[in-house]
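Dock chain to chain to rebuild the complex, using the hints, since each chain is given by itself in its own frame.
So the protein lines, in turn, are chains A and B. Just so we're aligned: 308 in the working numbering is position 308 of the first sequence, and the numbers increase by one with no gaps anywhere. Just so we're aligned: 159 in the working numbering is position 159 of the second sequence, and the numbers increase by one with no gaps anywhere.
Each hint can be trusted.
When the alpha-carbon atoms are kept at most 25 Å apart in a straight line, the in silico SDA-like pairs for lysine to any residue are as follows:
| hint | chain 1 | residue 1 | chain 2 | residue 2 |
| --- | --- | --- | --- | --- |
| 1 | B | 58 | A | 92 |
| 2 | A | 23 | B | 411 |
| 3 | A | 23 | A | 9 |
| 4 | A | 396 | A | 318 |
| 5 | A | 77 | B | 315 |
| 6 | A | 90 | B | 139 |
| 7 | A | 90 | B | 61 |
| 8 | A | 90 | B | 330 |
| 9 | A | 14 | B | 420 |
| 10 | B | 169 | A | 111 |
| 11 | B | 344 | B | 382 |
| 12 | A | 90 | B | 169 |
| 13 | A | 77 | B | 74 |
| 14 | A | 90 | B | 140 |
| 15 | B | 58 | A | 85 |
| 16 | A | 77 | B | 31 |
| 17 | B | 358 | A | 34 |
Worth flagging that the hints you see were computed from the coordinates, not collected in a lab.
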Amino acid sequence: MGRAYSTIAFDPAKCDGCGDCMKACAQAKTGTDDVARSRIQIYGRGDATEKDFELALCRQCADPKCVTVCPAGALNKDGTTGVIGWDASKCVDCLLCTVGCAYAGIALDETAGHVSKCDTCDGNPACVPACPHGALKYITTANIYNEVGDWEDLFAPGLAGCQGCNTELLMRHTLRRVGPDTVLATPPGCVPGMGSVGFNGTTGTKIPVFHPLLTNTAAMLAGIKRQYKRVGREVQALAIAGDGGASDVGFQSLSGAAERGEQMLFMVVDNEGYMNTGMQRSSCTPYGAWTSTTPVGETSRGKTQDAKNLPLIMVNHRCAYVATASTAYMEDLYEKLDKAIAASKTGFAYLHVYSPCTTGWRFPSNLNMEVARKAVETNFVMLWEYTPQEGLHFTKSVDNPLPVTDYLKAMGRFRHLEPEQVEHIQKKVVENQKFVERMTEHAHVG
Amino acid sequence: MDRATEHTKYLIAGSSHAALEAINAIRMHDPEGSLTVVTRDSHLPYSPTVLPYVVSGKSAPARIFLRDEDFFARNKVSYRPESALKALHADENTAELADGSTIVYEKLLLATGASPAIPPIPGIDTVSYHVLRTLDDALKLRGAIAASKQAVVLGAGLVGMHAAENLVKAGASVTIVEMSDQLTSGYFDKVAADMIEQAFRDAGAKIMTGSRVVRLEPTAAGAKLTLENGTTLAADLLLVATGVKPEMAYLNGSGVEHAQGILVDDRMQTTVTNVWAAGDCAQARGFFTGTQVMNAILPDATLQGRVAGMAMAGDPGIQEYAGGVPLNTYHFFGRHAISVGSSKVPEGGEVVTRFDEKTGHYLKAIFGADGCLSGIFGVNEFFDGGVMAQLILRRIDLTPLRDRFVANPLAVGREIMSQTWR
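Bound conformation, chain B alone (with noise of 0.2 Å):
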């Protein structure tokens, strides 16, 4: 090859929140060793989370970037858009990039986060879909949905609904088609979910659960969708919203131990030496199971960029990862549903609830057997997520106060918090 062999010190594989937070924690310790982030992305950095936004019009394309590039030359940070890593060769501290070149580092972080799952539905490779995890994604579904009059969005989770949220106000016809019994499933229960259902019916979409897509095939104006019960449905644009998954191709011979995600430590490091995994693509302690899991959220990411790059930096002051806490907020139709911590019931736990129908308050809160919160959840109800996540994570005992604690989490949690953590 051509190319002159790059050696840098600390090389950061991706753009967003890890790698972001990565780079403020090796800077912190370690102001001038040599720093490059690589990200398969043409832009500055962004967050997959604003993409919705993007695409509903709420956020201007060129206003949601998270640096600029000042801050990548204040920092010495060689920013390379466009050189996604794609081949590690872990024995020799090479990563190969996908525009040719190598660089030699010291010390990397895998922070490449995650790519659209798609489902291996039987024809789905012959017709055109939409997928929602990248600026390009945004603004290319942004333009379809202006011309759509009948669209269909695959799953129900936060993007999917999103998605559809913006589709309905768009003025189409809209299908949610989710293969479980209920939407949200994983950040709300049947309740938050029933009121979620309700607010997009209200709103005109048609919301089918627990159906399964069989086949899809090419038409005129989009595609064909067959369920398993044998409905057929007609999309002029059709969104794939089923989840995300790490590419992690490029691990391939590398050493590195994945299984759904990279795996690591409570150090985010992963099986191999001088590699570190953090944000999405990772898998990390989970708090609740104390085993490795997915928690692909935004605030994890944080977390494990900032343990990540003060491990790679070799900062003394560096505290193990706890475990990840599900953490996850939704806005829909001018409503908010805040979900935080496991939506699990413990053994010996208990589950109180309280709904106000009129309202549409919705509040429950979870507790183990140990009178410790594990998860609170509330649709219209305000309370602070950080405080709730803090409550979670030092198991508080909320025994005493648990009457009062449910009848308003907001000023029992600050009353907690001013006593505990101030």
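Just chain A, same shape as in the assembly (with noise of 0.2 Å):
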């Protein structure tokens, strides 16, 4: 299994150019003031009067020219912390790296006479902790793909989803932590249709699975779970399902078994629609998207009603645990994934993780991921945690979103949006926000 890596993570939007990082680098590394030994270097864009920053700062690339062109064996790519490692002792000055590196992100510290390099500072880099405005992080959600890709692939090596979807790295995650001791419900959506249930008679899972109806996912799981608990064994109640199966049709079973307490965890993959069998609205839609359904043209301009707020519905259950997860944040995931399996085993868990759709949300495949983190840093959706002992409170700051039109011009499906619609979106999204700030005050306050 390859290792993944920790990483000093740029948001050039938040970025003033005042320059703090490369003082403390120099501090650090040089113990000088002079930022033109710093080994971040933020460079403004041509035009003065546009604030918008760039830097020059090693990439520890996956794959190093650097150390490819280096002829004295100097440049290290190190195994463990991904760390392109510079060894002064065997260096020789020649500058080749420099030549090399195409990001400018090994350069000559012409007062030292050698070549210079971020080396992270083992890991707890003093650039990042200097930047005023957050700029600057250090990101290492790699320790939990190190940690899990040495737990068994509950999934088949290959399945048939959608380029650049989130949700093969949602089920594989997800089965990787519950384990082998699950059984798995899967009901018609988008989960099945990549392959948990399988091709030509055998499962797309090292674990049982099976394929409920939409309408019954929950019941039936529930009598499965409970038929275990009588014959004494202990197993891991899970079900995937999408928004479509989970919030419509599927509803009433799903809010049976929250009312009854089953012991399982009900994860909702929402992806804001059916979006396997042909893109077409479902209760979770937003206000304004283009769908099948809710088509574009002369007279229609996308759904005309909001989405339902699922998981706010469930918290009214007063289930054991629910959250709403984002795969642009995986700490955050992870923390929530092991809460509700834990709250699993007494009562009723329900995660409700947000999965930008590629194909029927109309967007590069590249960009799923950056799909999702708008999707927070706008607050359209928002990310929290609720248990009947601690109330309800956000996991992420909702402070100072962006305009919810970064978020709307990332995807296709909105690009038809009329102002006053935008200013809707915009409205609805202050407006939820709101509603579930005074949700935390309440629990604040019980």
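Right, dumping it as structure tokens:
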């Protein structure tokens, strides 16, 4: 299993060019305030009136050209940390590495007379805490992948998802996390469409999986869980359902199981429509969105109703655990998955994961995480969790959201929106935020 | 022959940058196929580029190796030193080695590099001289430098200049003899060469450009050189550094077409089926000429090695070779010089220079008629060579930014990078 690595991430939208990161780096690495010697370099874009900043920083490439062109073996990628290390005792100061790197990630420190490059300060980069605007982050999500990568993958090696879909990620991670003593229910939708129920008489999973109707998923899974309990066997009951199956025709059995406190984890992969069957609208499809049943034409401008907020409805069942999550925030998702699994041992746990659909939402297949992230950054979706003991609280700050247009313009299904429709959506975002905020306040009071 | 004939899926002749990149590329796509590396060298892989630093003592000979035994074991590569390729029988997919054995291959990469080009000076075979291409050459030269009082370096390319600097620093009286009328021609222009020349003169070296040696004779101390104008020079150490050329004798009768080097297409394939070539022995497309040229530099060797390895393994992710761009860096007496791209001014092109004599900062940028960068050269002026190479390869029109770019290629280059290929 290959390893994933921690990395320094830069968000140009939050950078104002103050240079504090460079000062911190110069201090940490050279003991001076000479920002020319900083290994992170911030550059303003050409036009001084534009406040756009970019950086030159070693990317710790997986396939580092600086290493391949070094004649002295002085550069090496560390297989454990991913950092490309520079060995001063081997370097001959030939500068060929600076010719090899297309990203200005290794450059001459003229004062020292040697090249210098970012070494991430051994996993504790000085530049990151120095940034007053949160434009630099040290992303350690890799730790999750490295840990999880050692667990058994319980899904078939190949599957039939659309290119760029994040549901494969969700399925593989979730199944690895719950482990082999699991019974999985996957009602009609993208999850079986991708192959969970298998092909030619074999399942697509290495655990028992069944294919209930859209209407009875939670009921069937509850019965199976109870039967196992009766024969004295501890299994994890897990449903992975789409938003259509959960919020529309499947809602009655879902609500019933939650109300009875059935011991299961019900995960909803919310791609805001019946994407597997041809992109029809569901009650989770947002206002204004194009779907094949809310078309855009001379008179029709996409869906005319707002989405149902299913996770909030589940909170009103007083489930043992309810949370929303996004694959753009894997640490958060994992914490919630752990809590949901623990809660499902004694009661009903509900995890609602927002899942951008490359095909149905009309965006390039390489942008799934970016769209997921924009949804959170604009407060179009909010990340929170609920337990009856602690009430509801946000797990990701909702302060200073980006305008919702940043999210809407990232995909084709909103391309037709009139200004008043955008205004409606922005209003709804604020209203939803206030609504959930009131619930968190209530929780504190209660 | 008694030896059983060996079979290997991939055979690589040579063990430096091109060969090592080809191994990586092959193993990315084919983790199991049998892979054999044969090399004339008796050591683990190293770079010829590091050798001047072995001579100077900056690099410890034991620490220059680019791979260890474990690398070959992990990658399931059979590494065979001291087994140069002697003859290629391409019609039978067979390689005959210097140690008398033969190997049957499915795919062969010729990455045999180059050897010193020895000029046909009358008497050269009667004197002893040094060259600098292998680790053994470097160790021999390092030993001789310590004892030298009066050294002559033939050729003022980067290898010769590096060695001359080492000799000067070791305390010898050094004379550099160069046929063309400037030092480091082909790498740096006259202004830059003059700066380099001045640094050498300041350090006490004698420079004789535009000089041709017409006769060499042995003496008790070493050699006597006679120049075209009648001047004679005595040397207790003679280094011949007049360039390199590939050794291609093994190709005789193989059908592999070659000119100055082994002719290859944009996938590094030779004119013969199942045979590829990469690195200093290959003659591949030049970025500026479109025709096949020699571009014997380290970065190109790695690039070509990778393309060849991917082609040999059938990797569908292969990207064809875009053509070689000259890229050179040179350190002299604590100063640095960087050269990226072609020094030739294209038709309708423009040259912009700036030179600060006080600080010794020199910059020259050459733009084509289309406004794209075609070459940039600096002395004591640091810019990101890799970023400049991208500007050239991507043919980015710099017209709107030209003044700012020439004033600060480091910052403006990074700015364009951020907007274009980040």
